[in-house]
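Kindly generate the complete structure, drawing on both the sequences and the hints.
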Amino acid sequence: MENCLDKTDRQILRLLQNNGRIHNTDLADKVQVSPATCHRRVQRLFDEGYISAVQAKVNASRVGLGMVVLVGVVLERATDSFPTFEAAMAAQPAVLDCYLVAGDFDYFLKIRVSDMEGFDRFHADVLSVLPHVRQTRTFFVLRAVADAREYAF
Numbered sequence: 001m002e003n004c005l006d007k008t009d010r011q012i013l014r015l016l017q018n019n020g021r022i023h024n025t026d027l028a029d030k031v032q033v034s035p036a037t038c039h040r041r042v043q044r045l046f047d048e049g050y051i052s053a054v055q056a057k058v059n060a061s062r063v064g065l066g067m068v069v070l071v072g073v074v075l076e077r078a079t080d081s082f083p084t085f086e087a088a089m090a091a092q093p094a095v096l097d098c099y100l101v102a103g104d105f106d107y108f109l110k111i112r113v114s115d116m117e118g119f120d121r122f123h124a125d126v127l128s129v130l131p132h133v134r135q136t137r138t139f140f141v142l143r144a145v146a147d148a149r150e151y152a153f
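FYI, in the UniProt record's numbering the residues of the sequence shown are 1 to 153.
Any given hint might turn out to be false.
Subject to a maximum C-alpha distance of 35 Å in a straight line, what follows is the list of computed DSBU-like cross-link-like pairs (lysine-lysine) [to be verified]: (1) Lys57 <-> Lys110; (2) Lys57 <-> Lys30; (3) Lys7 <-> Lys110; (4) Lys7 <-> Lys30; (5) Lys7 <-> Lys57.
These are computed hints drawn from the structure, not numbers from a lab. All of these numbers come straight from a predicted model, not from anything done at the bench.
This is the structure in structure tokens:
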């Protein structure tokens with residue numbers, strides 16, 4: 001599917017990653033195509049699944065979610081442990097990302113909470129009561145060095 005992208009498509013994707021609110025005429029000027037052509041290309045990128053959504057990046061600290069916590073999770077090897085855990089994590093608003101990983105852990109979670117007490121509540125009310133969770137290891141993020149960077153392609 002990637003081979004279907006030409007230089008102009010890639011430019012459009014890079015520019016939209018940086019500013020999803022860019023006006024079509026400005027986008028067209030930057031990629032040197034007509035506004036109508038630009039609009040058709042953007043629509044095609046949506047239709048073909050290259051662009052899945054356009055959304056605002058909210059300042060987490062301003063809305064009271066200033067703490068990022070990474071948690072490695074090891075599950076017991078029961079037949080329903082993985083689907084049960086995945087469903088539980090998908091239902092948790094504090095869980096931004098949940099990755100099934102290879103290595104010492106089964107999953108890595110990226111969680112956003114207000115503060116240490118917020119994480120303590122999440123741990124007590126969610127992680128510690130889930131069936132099949134054998135071990136967790138928690139990492140408190142001190143500073144984001146590279147967070148939600150644009151894709152380089």
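Out of the numbered hints, which ones does the structure contradict? none
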